[in-house]
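Asker: Going by our numbering, the sequence shown opens with residue 551, and the numbers climb by one from there.
Honestly, the hints are just simulated from the structure, not real lab data.
Keep in mind it's a predicted model, so treat the numbers as computed, not measured.
Take the hints with a grain of salt, since some may be wrong.
Taking CB as the label site, the calculated pair distances span [as the list claims (entries may be wrong)]:
#, residue 1, residue 2, range
1, P639, T580, 24 to 30 Å
2, G694, I673, 23 to 29 Å
3, E576, C693, 33 to 39 Å
4, T633, M681, 17 to 23 Å
5, E712, K571, 44 to 50 Å
6, A660, E584, 38 to 44 Å
7, A660, C689, 17 to 23 Å
8, G670, K571, 35 to 41 Å
9, G619, E712, 48 to 54 Å
10, G651, S567, 44 to 50 Å
Just so you know, even glycine gets a beta-carbon here, dropped at the ideal spot from N, CA and C.
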Amino acid sequence: MELDNVTRPAGQAQPLSDEDKRFLRELVETNRIEHHGRLSYMDIMFELEHHYGNSLPGPVLGEVARLLGTSPAQLNGFVTFYTMLSTEPRGQHVIRVCTSGPCHVTGAPAILSSLRQLLGVDIDETTSDGMFTLEASSCLGICGVSPALMIDDDAYGNLMPEDLPRILDAKRAGGAR
Numbered sequence: 551m552e553l554d555n556v557t558r559p560a561g562q563a564q565p566l567s568d569e570d571k572r573f574l575r576e577l578v579e580t581n582r583i584e585h586h587g588r589l590s591y592m593d594i595m596f597e598l599e600h601h602y603g604n605s606l607p608g609p610v611l612g613e614v615a616r617l618l619g620t621s622p623a624q625l626n627g628f629v630t631f632y633t634m635l636s637t638e639p640r641g642q643h644v645i646r647v648c649t650s651g652p653c654h655v656t657g658a659p660a661i662l663s664s665l666r667q668l669l670g671v672d673i674d675e676t677t678s679d680g681m682f683t684l685e686a687s688s689c690l691g692i693c694g695v696s697p698a699l700m701i702d703d704d705a706y707g708n709l710m711p712e713d714l715p716r717i718l719d720a721k722r723a724g725g726a727r
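I would like the entire structure built from these sequences, with the hints used as guidance.
Answerer: And the structure:
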């Protein structure tokens with residue numbers, strides 16, 4: 551079974567354009583040069599998510615697998631292993647709330663509850679305007695400032711529920727804080 555058929559969301563079966571194929575080829579070759587002949591799948595996947603709107607479309611993964619010289623199934627296994635990667639469409643901004651032990655005991659449940667209320671979504675859902683997707687993360691690696699969350703590449707720690715409206719408003723306005 552081809553990767554395209556497994557991961558492509560319904561209604562998104564369009565073939566890749568020549569521009570997409572050129573972008574993917576350049577991305578893989580640039581990555582190969584930057585890593586002295588080796589490839590970093592994670593760097594490639596993060597770049598693809600940024601380029602394709604926080605998800606990895608099936609046709610893109612199929613072409614990347616071909617360029618990497620691996621099977622679509624092996625690349626799909628890599629992508630689905632890491633929770634920070636997704637083959638499903640997500641919002642413009644991905645909010646990851648740490649739910650590990652340190653964050654849990656310092657207030658992550660209250661942060662999640664507040665975000666659910668403020669955004670009107672549950673975990674793994676996207677706001678109706680397509681702006682935010684809310685996700686739980688097992689660890690963000692910033693336990694010293696728990697409870698913590700990340701929105702895209704921006705980390706926020708020592709959070710209180712009352713901090714969240716300001717943070718969300720800044721993101722809506724295009725800022726980091």
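Asker: None of the hints should be skipped; say for each whether it holds.
Answerer: Here is how each hint holds up against the structure:
1. P639 to T580: 24 to 30 Å: The hint (24 to 30 Å, Cβ to Cβ) holds, given that P639 and T580 are roughly 26 Å apart.
2. G694 to I673: 23 to 29 Å: 24 Å Cβ-Cβ, so the 23 to 29 Å window holds.
3. E576 to C693: 33 to 39 Å: Once the Cβ atoms are compared, 38 Å apart, the range 33 to 39 Å for C693 and E576 holds.
4. T633 to M681: 17 to 23 Å: holds, 21 Å
5. E712 to K571: 44 to 50 Å: holds, 48 Å
6. A660 to E584: 38 to 44 Å: holds, 42 Å
7. A660 to C689: 17 to 23 Å: Check passed, 19 Å falls within 17 to 23 Å.
8. G670 to K571: 35 to 41 Å: With Cβ atoms ~39 Å apart, the hint holds.
9. G619 to E712: 48 to 54 Å: holds, 51 Å
10. G651 to S567: 44 to 50 Å: holds, 46 Å
When the structure is compared with the earlier hints, no violation turns up for any of them.
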